[in-house]
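K.L.:
Sequence:
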Amino acid sequence: DATLAVGEARGYVALDLATFTRDDSGVRVRGVEVDGQPTAFVVGPRRLVVETGDRLDATIRVRYAGDVTVHGGGDFVLTDDVVLRGESGWLPTLPDSAGRFDVRVRLPDGYRAFGQGEATAPRPLGNGWTQWAWQLPTGRDFTLYAAPAYVTEELELAGARLLIAVWPESADALPTLVEPLRALQGRFEPLGPYPFGTANIVQTGFPGGYGALSNVTLGRDLADLTPETLLPFVAHELAHGWFPGTAIVPSDAGQWGEPFAQYAMTLVVDEALALDERRHCATAYAALPIEQDVEISTVTGVIEDWARTEAINYCKGLLVLTTLEDRVGQPAMLELLRALSRSRAGQITTWDDIVDLAGATLGAEHGHWLRAAVTTPGAPDLRLDAVQRRGSAVTGVLRQSGAAEGAVGLGLLDEQGALLRTITVPFAGPTTRFTVEDSAGAATLVLDPAFRLARRWPVDAAATAAGLRVALR
1 DATLAVGEAR GYVALDLATF TRDDSGVRVR GVEVDGQPTA FVVGPRRLVV ETGDRLDATI
61 RVRYAGDVTV HGGGDFVLTD DVVLRGESGW LPTLPDSAGR FDVRVRLPDG YRAFGQGEAT
121 APRPLGNGWT QWAWQLPTGR DFTLYAAPAY VTEELELAGA RLLIAVWPES ADALPTLVEP
181 LRALQGRFEP LGPYPFGTAN IVQTGFPGGY GALSNVTLGR DLADLTPETL LPFVAHELAH
241 GWFPGTAIVP SDAGQWGEPF AQYAMTLVVD EALALDERRH CATAYAALPI EQDVEISTVT
301 GVIEDWARTE AINYCKGLLV LTTLEDRVGQ PAMLELLRAL SRSRAGQITT WDDIVDLAGA
361 TLGAEHGHWL RAAVTTPGAP DLRLDAVQRR GSAVTGVLRQ SGAAEGAVGL GLLDEQGALL
421 RTITVPFAGP TTRFTVEDSA GAATLVLDPA FRLARRWPVD AAATAAGLRV ALR
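Numbering follows our numbering, in which position 322 of the sequence shown is assigned residue number 322; successive positions increment by one, without gaps.
Among the hints, erroneous ones may be present.
What the hints assert, rightly or not - Taking CB as the label site, the calculated pair distances span:
{"id": "1", "residue 1": "305", "residue 2": "347", "range": "30 to 36 Å"}
{"id": "2", "residue 1": "122", "residue 2": "418", "range": "51 to 57 Å"}
{"id": "3", "residue 1": "228", "residue 2": "395", "range": "35 to 41 Å"}
{"id": "4", "residue 1": "172", "residue 2": "429", "range": "56 to 62 Å"}
{"id": "5", "residue 1": "135", "residue 2": "418", "range": "51 to 57 Å"}
{"id": "6", "residue 1": "421", "residue 2": "122", "range": "57 to 63 Å"}
{"id": "7", "residue 1": "435", "residue 2": "378", "range": "26 to 32 Å"}
{"id": "8", "residue 1": "250", "residue 2": "228", "range": "31 to 37 Å"}
{"id": "9", "residue 1": "330", "residue 2": "156", "range": "20 to 26 Å"}
{"id": "10", "residue 1": "155", "residue 2": "329", "range": "26 to 32 Å"}
{"id": "11", "residue 1": "197", "residue 2": "298", "range": "45 to 51 Å"}
{"id": "12", "residue 1": "329", "residue 2": "172", "range": "22 to 28 Å"}
Derived by calculation from the structure, the hints in this document are not laboratory data. Nothing here was measured: the structure is a model prediction, and the numbers come from that model. Cβ coordinates follow ideal geometry from the N, Cα and C atoms, glycine included.
All chains should be modelled from the sequences, with the hints used to inform the complete structure.
P.N.:
What follows is the structure, encoded as structure tokens:
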């Protein structure tokens with residue numbers, strides 16, 4: 001059973017339920033109590049609606065029942081009444097508010113369970129059973145994974161424990177996970193203390209990876225994991241412990257936690273991996289059909305397909321925050337990240353709140369810029385034109401179809417494609433003339449070589465081919 005302390009419940013509270021509420025799951029809600037008293041409830045498609053009367057706060061206990069079915073693979077969780085697979089998000093979530101989660105489950109002796117919040121020591125119940133319990137002081141949802149005989153390794157993460165757990169048959173792969181993650185340990189510290197006592201990276205029955213604040217999952221097959229694929233994923237998911245962390249993001253509001261987790265990830269991993277991520281994001285957003293583009297602040301989840309959601313919220317969002325860093329400097333951005341995690345804990349937080357916080361932390365000018373960036377669709381379709389060398393100088397024109405203002409890097413490359421230097425030049429209006437010094441005799445001029453600006457491809461295909469990279473010899 002799960003006990004949730006729900007704040008500001010006016011008349012009723014709607015709790016999202018996971019897929020086990022399907023008709024064929026064999027699982028049902030047996031009863032609901034509000035402050036210890038049975039109450040009326042209605043179970044709809046993926047939703048449980050509970051009457052709370054006139055109470056402005058309430059403690060809701062949900063009890064489940066169903067047929068006990070042993071699943072193969074051993075990755076299941078037992079409550080008093082029902083067997084639930086460990087990878088199921090089987091506890092209620094609070095869509096637009098936060099609650100306190102007190103969670104207790106019983107498992108066969110020898111099992112290891114990973115939940116969220118503060119765990120109490122496992123308590124033997126006798127007859128082959130052990131009780132596991134957690135308290136999550138504030139949050140919207142709770143995830144729980146369990147299986148027998150996990151093989152574990154413990155690291156440190158910004159003052160918290162970082163537990164890596166794999167199945168016994170995957171024990172040989174554990175060192176290939178631990179060593180790359182060990183390099184990340186101290187890099188999260190500039191974000192401030194980790195908001196949870198423990199962070200878990202757990203192998204489960206998921207076909208791929210998944211993140212849920214302090215519980216990050218890896219799929220069944222670990223053979224294909226490399227540092228290049230593992231570190232950006234894990235760093236992004238661990239960053240969700242701060243962003244949104246314990247802040248409450250309404251289900252109908254922009255999901256700002258994703259771009260902030262993306263940005264934090266690029267601060268934590270090596271610059272080569274961060275560059276690869278920005279390159280992917282710049283390409284994904286630039287190629288998005290213009291008619292599919294919307295404001296970042298309106299992306300409430302997966303819009304229609306993953307590629308579109310990724311391009312706008314994850315990719316353009318990352319590049320917007322990267323550009324903000326270029327405006328104010330990385331130390332100021334870290335100050336904003338720490339203020340966001342610290343000041344918004346347990347509070348409903350939208351892009352409006354973040355913009356206000358940015359204005360207070362970075363200055364009003366930068367707050368206004370961020371507001372425009374997340375509430376305006378599109379981006380400049382910059383391209384290089386009329387580029388030529390004149391002695392030790394390279395001149396040319398930055399063109400765009402609109403009149404956006406900003407700054408962009410121009411990279412000078414040698415014959416092998418290595419970056420010699422980057423010069424930042426301002427742009428405004430349809431055309432901006434520029435002159436850059438090139439005493440080294442570069443072979444190529446490249447627009448935005450570090451992929452730090454959200455841009456659209458030029459509409460003209462020929463301009464796309466010639467306007468992003470120009471030979472100087």
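K.L.:
State for each hint whether it applies.
P.N.:
A quick look at each hint next to the structure:
1. Roughly 32 Å separates the CB atoms of residue 305 and residue 347, a value that falls within the hinted 30 to 36 Å.
2. Look at residue 122 against residue 418: about 56 Å separates their beta carbons, and that is inside 51 to 57 Å.
3. For the pair residue 228 and residue 395, the supplied restraint of 35 to 41 Å holds, since their beta-carbon distance comes to about 39 Å.
4. The beta-carbon spacing between residue 172 and residue 429, approximately 60 Å, falls within the hinted interval of 56 to 62 Å.
5. Between residue 135 and residue 418, the C-beta spacing of about 54 Å keeps the proposed range 51 to 57 Å intact.
6. Separated by about 58 Å at the C-beta atoms, residue 421 and residue 122 satisfy the suggested range of 57 to 63 Å.
7. Distance hint check: the CB atoms of residue 435 and residue 378 are about 28 Å apart, consistent with the given range 26 to 32 Å.
8. Taken as a hint, the range 31 to 37 Å holds for the pair residue 250 and residue 228, whose Cβ atoms sit roughly 35 Å apart.
9. Range check, residue 330 to residue 156: Cβ separation about 23 Å, and the 20 to 26 Å hint holds.
10. For residue 155 paired with residue 329, a C-beta distance near 30 Å keeps the hint of 26 to 32 Å intact.
11. At about 35 Å, the CB distance of residue 197 to residue 298 disagrees with the hint of 45 to 51 Å.
12. Between residue 329 and residue 172 the beta carbon distance is about 44 Å. The supplied range of 22 to 28 Å is therefore violated.
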